[in-house]
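According to the numbering used here, the residues represented by the sequence shown are 789 to 928, in order.
Worth flagging that the hints you see were computed from the coordinates, not collected in a lab.
Predicted model, so just to flag it, every value in this text is computed and none were measured.
Every residue gets a Cβ at the ideal spot worked out from N, C-alpha and C, and that includes glycine.
Mixed in with the good hints there might be a few duds.
[Claimed, not checked] In silico DSSO-like cross-links for lysine-lysine, where the CA-CA straight-line distance does not exceed 30 angstroms:
(1) 796 <-> 806
(2) 806 <-> 863
(3) 863 <-> 796
(4) 875 <-> 796
(5) 869 <-> 796
(6) 863 <-> 875
[To be verified] Now the in silico label distances, taken between C-beta atoms and shown as ranges:
(7) 800 <-> 820: 17 to 27 angstroms
(8) 833 <-> 804: 15 to 25 angstroms
(9) 828 <-> 804: 10 to 20 angstroms
(10) 822 <-> 872: 32 to 42 angstroms
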Amino acid sequence: DVTVSDTKELNLLIDRAKAIVGSDAALARSLGVLPQRLANWRNGSATCAPEDQALIASIAGLDPVAELARAVVRKHEGTAKGDALMKALGKASLLTGVALGSVGASAQQIFSMVPGATDLVSTLAHWTQCVLRLTQCALC
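The task is simple: from the sequences and hints, build the whole structure.
Set out below in structure tokens:
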């Protein structure tokens with residue numbers, strides 16, 4: 789479900805990208821979606837997938853990897869998978885300087901709970917590139 793908070797944050801991201809490309813219609817074209825889909829994301833009647841949020845961030849001149857990680861964690865927030873993702877991605881974010889924004893675990897807890905964080909950073913970077921290219925490589 790899309791929350792008001794999620795919609796507000798997404799609209800800020802969309803507005804920043806819109807400022808670069810000139811209009812919602814131009815942004816929709818850049819993303820390869822119909823303008824109505826973008827309008828549905830704006831009003832909260834449809835969920836914007838994490839990979840679309842990453843693409844919007846890239847257009848907006850923001851870090852698409854950070855946005856993808858934040859969007860994936862938010863998508864699963866409040867679930868066992870979300871907790872596991874927060875631990876894994878939170879540790880990677882500490883090492884790479886990526887902020888996961890609204891997620892609520894403390895950095896010290898994350899840092900102490902996830903062994904092998906260096907591998908997580910390279911795995912996350914590789915996986916993110918595959919997702920952003922919308923392809924799957926032999927390693928995935």
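Structure-based check of all given hints:
Taking the CA atoms of residue 796 and residue 806, the gap is about 15 angstroms. The hint holds against a cut of 30 angstroms. Restraint check for residue 806 and residue 863: the C-alpha separation of about 23 angstroms stays at or below 30 angstroms, so the hint holds. Distance restraint check for residue 863 and residue 796: the Cα-Cα separation of roughly 15 angstroms lies within the 30 angstroms cut-off, and the hinted pair is therefore satisfied. Pair hint residue 875 plus residue 796 holds up; C-alpha atoms about 25 angstroms apart against a cutoff of 30 angstroms.
The suggested pairing of residue 869 with residue 796 holds, with an alpha-carbon distance near 24 angstroms, which does not exceed 30 angstroms. Restraint check: the Cα-Cα separation between residue 863 and residue 875 comes to about 15 angstroms, which is no more than 30 angstroms; the hinted pair holds. Range check, residue 800 to residue 820: about 22 angstroms between beta-carbon atoms, so the 17 to 27 angstroms window is met. Checking the proposed 15 to 25 angstroms range against residue 833 and residue 804 shows it holds: the Cβ atoms sit about 21 angstroms from each other.
Range check, residue 828 to residue 804: about 19 angstroms between beta-carbon atoms, so the 10 to 20 angstroms window is met. For residue 822 paired with residue 872, a C-beta distance near 34 angstroms keeps the hint of 32 to 42 angstroms intact.
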